[in-house]
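Participant: Sequence:
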Amino acid sequence: DPESIVVAVIDDKIVGCAFIVHDPWCNIIYHEAVNSDSRGKGIGKALLEYSENLIKARGGIQVAMYVMSENTKTLSMLKLKGYKSIPDVTCMYKEL
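Its first residue numbered 1, the sequence shown is counted upward by one per residue in full-length UniProt numbering.
What the hints contain is simulated information worked out from the structure, not anything from laboratory work. Heads up, some of the hints might be wrong.
To be verified - Under the rule of at most 30 Å between Cα atoms (straight-line distance), these lysine-lysine pairs were calculated in the DSS-like manner:
#, residue 1, residue 2
1, Lys94, Lys41
2, Lys84, Lys45
3, Lys84, Lys94
4, Lys94, Lys13
As the list claims (entries may be wrong) - Simulated restraints, written as ranges between beta carbons of each label pair:
#, residue 1, residue 2, range
5, Ser85, Asp12, 19 to 25 Å
6, Leu96, Ile10, 34 to 40 Å
7, Ile5, Cys26, 14 to 20 Å
8, Arg39, Gln62, 25 to 31 Å
9, Glu3, Lys81, 16 to 22 Å
10, Ser38, Met92, 29 to 35 Å
11, Thr90, His31, 26 to 32 Å
12, Asp11, Leu96, 37 to 43 Å
13, Tyr30, Val9, 16 to 22 Å
14, Glu95, Ser4, 24 to 30 Å
15, Asn71, Ile5, 27 to 33 Å
What you are looking at is a predicted structure, and each value in this text was computed from that prediction instead of being measured. Heads up, the beta-carbon is just placed ideally off N, CA and C, and yes, glycines get one too.
Starting from the given sequences, assemble the full structure and let the hints guide the process.
Facilitator: Set out below in structure tokens:
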């Protein structure tokens, strides 16, 4: 799905990206990243807003985002944008 990958470009250089999992139950912004040289310029916020608008355009009514707990700047931004943590949820994984 070409709308699953969002790319931010400045001066012909990729400076950020987001990967969206479109799901009828709950859409997920699975990964969002901004080049370290480009942080603090609103690119992460722009990627988030663009991703949310894509999800809304496809009929999505919920979105979740995975964020590492030590990424306090992103967590703060998401809280300001109305995101909430999910109590009693643990992310599980397994080595294959």
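Participant: Against each hint, give a clear statement of whether it holds in the structure.
Facilitator: Hints and how they fare:
1. Lys94 to Lys41: Distance of about 36 Å is beyond 30 Å: violated.
2. Lys84 to Lys45: holds, 16 Å
3. Lys84 to Lys94: holds, 26 Å
4. Lys94 to Lys13: Measuring from Cα to Cα gives roughly 35 Å; hence the hint is violated.
5. Ser85 to Asp12: 19 to 25 Å: Given about 37 Å between the Cβ atoms, the range is violated.
6. Leu96 to Ile10: 34 to 40 Å: holds, 37 Å
7. Ile5 to Cys26: 14 to 20 Å: Since Ile5 and Cys26 have Cβ atoms about 19 Å apart, the given range 14 to 20 Å holds.
8. Arg39 to Gln62: 25 to 31 Å: holds, 27 Å
9. Glu3 to Lys81: 16 to 22 Å: holds, 21 Å
10. Ser38 to Met92: 29 to 35 Å: holds, 33 Å
11. Thr90 to His31: 26 to 32 Å: violated, 19 Å
12. Asp11 to Leu96: 37 to 43 Å: The hint (37 to 43 Å, Cβ to Cβ) holds, given that Asp11 and Leu96 are roughly 39 Å apart.
13. Tyr30 to Val9: 16 to 22 Å: holds, 20 Å
14. Glu95 to Ser4: 24 to 30 Å: holds, 25 Å
15. Asn71 to Ile5: 27 to 33 Å: violated, 21 Å
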